[in-house]
Amino acid sequence: MNPRARAAEELRTDVLVVGAGIAGLTAALEAARTGRVVLATKTALGDGSTHYAQGGIAAAVDAADVAAHVADTLAAGAGLSSPAAVRALCAGGPAAVRVLAERGVEFDRGSTGGWALGLEAAHSTSRILHAGGDRTGAAISAALAAAVRRSDVTVREEAFLAGLRTEDGRVVGADLLVGDEAGGPAHVLRVTADAVVLATGGAGQLFSRTTNPAVATADGLAAAFRAGAAVADLEFFQFHPTVAALPSPFLVSEAVRGEGAVLLDAAGHRFADRADPRGELAPRDVVARAIAAAMAEHGGAPVVLDATGVSARLGRPFAERFPGIAQLCAEAGLDPETTPIPVTPAAHYWMGGIRTDAAGRTTVPGLWAAGEVACSGVHGANRLASNSLLEALVTGGQVAEDVRRGPGAARFPDDEVVEVPGPALPLAAHVGRRDLQAALWEHAGVVRDAAGLAVAAKLLTPQEDPVEIAPDDLGVPRSTREDANLVLAARLLVAAATAREESLGAHFRSDDPTTPAHPVRRSFRRTA
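Residues in the sequence shown are numbered from 1 upward in steps of one, following the numbering used here.
Honestly, the hints are just simulated from the structure, not real lab data.
C-beta: ideal position from N, C-alpha, C; glycine also.
There could be a bad hint or two in this list.
Now the in silico label distances, taken between C-beta atoms and shown as ranges [to be verified]:
id, residue 1, residue 2, range
1, D472, P421, 20 to 28 Å
2, P466, E416, 27 to 35 Å
3, A470, A517, 45 to 53 Å
4, T480, G113, 52 to 60 Å
Build the full structure now, drawing on both the sequences and the hints.
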């Protein structure tokens, strides 16, 4: 037992938002217009994946571009996207972006004074807004966090989601462990709420190579699944093609390729156009597989991203357009103006998540989800570049509007439902985090097959009954709870990847590369 532990703190609110990225911050601000809101964040306010987003936010700021944005998003989704959800996203983008600007986000401007619009992979036209060059996520996080601090939202930092509280099949609140990881949780914060909104982000820590921060450990998805919520599309994990293969890896934004950078294999040859006529600007799954194949061809040697011609194309130094990347390159002793950057794919974004409708409702009354942790069908089998910040922004606002209508469950009659027996409490992990990450990278990464998935499934199956972890057990450190969440998420991902025997979007099966004409969405739900 933690010697600093004390009695549980009780808190009552109208809306509890868990997560402080763009989705959570937006949901909290909008919900606070009409009720009491508590915003709980695992670390500091404004931390999380949003802060690290380099690329930008896609939006059809020209009304004539909405239809094309819808078409590009549906094409990237490989036939699995929900057309209605995509139309709502793209139509809602321009107004949502203007609200961001009103809240203090200063988007980059072009020579005419209007917003500068960039081009990224699989977009048919330039529609990507940036702030601070390649520091868009940091600019958005800072502005929204400042807005929350000025609002009536009650913020609880260093608050880890230990579990959702349910009564009669409905979510009525959550148990949070408040305290820093170094000293263990100091106390339990028991929140009762009319509505709980999960905006906890993704799960990049499932893999040994990832662009995600250390906090991305599937906490929200795991808690929702244990509470009975359906999850869907978990086989679809996007691997960003270009992450610097350096001692301190960092993402090299899609926008660098949008400005003319090219990929070269170990022999110095371009190869991306052999996989797709769009070359470096093909969808991310295509480029990631092309890089993986080129690396395999040359004994695992990284490919390089040659950005030495970008400054001439731009008419200004590379560091002016991409200050963050230039700084990270300089810290690694590399000048992108003269030296190509070694790159490799890395886990970046989970298209799958807690199954929701377009308003963010889950299959459990009282529970909503927004942002990366949710799966409304917008992204389908593969996310279009820079649609993630847009989705989090738009759905954060939609959820806040919908919670005013009261609790209710979403239904998805067209989903193929797989029922998974399991406990309502987390189970202590029987496999170490590094072993789990290595296994998923090797067997459930960019390229998969039945044999490799079976190896991963065996590793993830406990040989004896694991120990249950109670939400209010103060003797269990946060890292142990995170490991339990990662094991659960990994088992679900591997099960989904095994069940989808064909290839689709970001899910590529080398033992069956064919793509179905009419793919079916598969949901998983816990049974007692």
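Exercise. Against the structure shown, which of the earlier numbered hints fail to hold, in ascending order?
Worked result: none
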